[in-house]
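Asker: Sequence:
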Amino acid sequence: MAIIEHPASKAIEVTPLLSRGPVIEAPKYGKSVLYRALLCGFLVSLSFGVTQVPLIYVFRLMTCEVYYQTHPEPGPGSNRCSVREIEAGTSRAIALLSASTTICGVLNLLITGWTIKKFGIKTGLLLSVFWPAARLAVQNIGVMVGGGNGIIIIQVSQIITVLGGPSGYLLALNSYVTEILEPSERTGALGKLQGCCFLGMSSAYLIGGTISDAFGIIAPFRVTLVLFLGSCVYVLLVLPRIPPTKEVASQGTTGFAKFFGPLKMFTPQRWILLGGRIETQYGMILLAIGVFMGVLATGYIPTLLQMYATDIYDFGTSENGYLISLNSFIRGLFLTLAFPKIISAGRKWFAGSTPSKPTDTAPPKDSPIPDITTNKMI
Numbered sequence: 001m002a003i004i005e006h007p008a009s010k011a012i013e014v015t016p017l018l019s020r021g022p023v024i025e026a027p028k029y030g031k032s033v034l035y036r037a038l039l040c041g042f043l044v045s046l047s048f049g050v051t052q053v054p055l056i057y058v059f060r061l062m063t064c065e066v067y068y069q070t071h072p073e074p075g076p077g078s079n080r081c082s083v084r085e086i087e088a089g090t091s092r093a094i095a096l097l098s099a100s101t102t103i104c105g106v107l108n109l110l111i112t113g114w115t116i117k118k119f120g121i122k123t124g125l126l127l128s129v130f131w132p133a134a135r136l137a138v139q140n141i142g143v144m145v146g147g148g149n150g151i152i153i154i155q156v157s158q159i160i161t162v163l164g165g166p167s168g169y170l171l172a173l174n175s176y177v178t179e180i181l182e183p184s185e186r187t188g189a190l191g192k193l194q195g196c197c198f199l200g201m202s203s204a205y206l207i208g209g210t211i212s213d214a215f216g217i218i219a220p221f222r223v224t225l226v227l228f229l230g231s232c233v234y235v236l237l238v239l240p241r242i243p244p245t246k247e248v249a250s251q252g253t254t255g256f257a258k259f260f261g262p263l264k265m266f267t268p269q270r271w272i273l274l275g276g277r278i279e280t281q282y283g284m285i286l287l288a289i290g291v292f293m294g295v296l297a298t299g300y301i302p303t304l305l306q307m308y309a310t311d312i313y314d315f316g317t318s319e320n321g322y323l324i325s326l327n328s329f330i331r332g333l334f335l336t337l338a339f340p341k342i343i344s345a346g347r348k349w350f351a352g353s354t355p356s357k358p359t360d361t362a363p364p365k366d367s368p369i370p371d372i373t374t375n376k377m378i
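For the sequence shown, full-length UniProt numbering assigns the number 1 to the initial residue and increments by one for each residue that follows.
No lab work stands behind these hints: they were computed from the structure. All values derive from a computational prediction rather than experimental measurement. Ideal Cβ positions, reconstructed from N, Cα and C, are used throughout, including at glycine. Among the hints, a few may not be true.
To be verified - Listed next, with one range per pair, are the computed distances between beta-carbon atoms:
#, residue 1, residue 2, range
1, F215, S32, 32 to 42 Å
2, N149, P243, 42 to 52 Å
3, K341, L237, 43 to 53 Å
4, Y300, F334, 21 to 31 Å
5, I159, P76, 39 to 49 Å
6, P76, I289, 47 to 57 Å
7, G299, A137, 20 to 30 Å
8, L39, L287, 29 to 39 Å
9, T280, G30, 36 to 46 Å
10, L263, S32, 28 to 38 Å
Using the sequences and the accompanying hints, generate a full structural model.
Answerer: This is the structure in structure tokens:
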């Protein structure tokens, strides 16, 4: 499907310097709002990450409990859960949990996008933080029940991710940061935001593993529930509300096609070049395929590392927390400190290497200005 650029979206030679319509100034947000949003990213990522290490360990314990309901206990001095059947059952349970989380996360992106358009970014962010708290309440029950029923309760609780989860929260928070900054500042700020999220996850891995060893396997789940509720209060009281624009708010939001409208961005787009030649661009779909292949190649590594270390080296939650937190910590430092400076230096270099050339002649004062063919989408 072709996309046409609206002719009034750009200023041309005959556009009046003074607008005849009312001038609507965008609200100004200070740097403190950006810092509050960055702290929100750290806190919410901390909340999401505390249970990541204990969750794999608790699945192993539950699978071990189910296994010995129908098998004899091993002899003294051996690791009762280091059995091939138990490891295979743990892998299946975690794979099912991860698959359901991914599917529900994709649906959550669509719901969060609709919520942002309908009620504003802050409301979408608040709901993306509140519903994980409800999910953690259900998971606390599953951990207390234990065994096969506990595994089922935790897996079924992932359905709540459709209403709110990490995917929707990142979408809402990225949109929030985009709205409060000028276009030239957004790339570096989004890198800082992602870095704060990685630092929050790195801290969460360490905290979750340490709490689990010190206070029991259920302690991280209770702490995470408190963290999510505290994050809800933070979003509600600290972040200012950004109302939806009148153009977006006035659009109809009903219908199946409207709900899945964001998926149209992956369709090929046709462009008219300066010479009149039509070219089809496949950039978005190729980018999506590249991201998919990257996640497919590396997304399983943190989970596989924990399971392998637990089975082969008898790692506990603390050791696994140290194992996987280092990667997030390094990525967080790079995105927070180095990435914004690299982007800023690149912008200055690119602006200095492409100077604008003045025109040799100007059209007569009273002569009509001819139409100039420009790049636009059709």
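Asker: Work down the list of hints and note, for each, if the structure agrees.
Answerer: So, going through the hints one by one against the coordinates:
no.: 1; hint: F215 to S32: 32 to 42 Å; in the structure: 36 Å, holds
no.: 2; hint: N149 to P243: 42 to 52 Å; in the structure: 46 Å, holds
no.: 3; hint: K341 to L237: 43 to 53 Å; in the structure: 33 Å, violated
no.: 4; hint: Y300 to F334: 21 to 31 Å; in the structure: 22 Å, holds
no.: 5; hint: I159 to P76: 39 to 49 Å; in the structure: 42 Å, holds
no.: 6; hint: P76 to I289: 47 to 57 Å; in the structure: 54 Å, holds
no.: 7; hint: G299 to A137: 20 to 30 Å; in the structure: 27 Å, holds
no.: 8; hint: L39 to L287: 29 to 39 Å; in the structure: 30 Å, holds
no.: 9; hint: T280 to G30: 36 to 46 Å; in the structure: 43 Å, holds
no.: 10; hint: L263 to S32: 28 to 38 Å; in the structure: 36 Å, holds
Hint 3 from the earlier list is the only one contradicted by this structure; the remaining hints agree with it.
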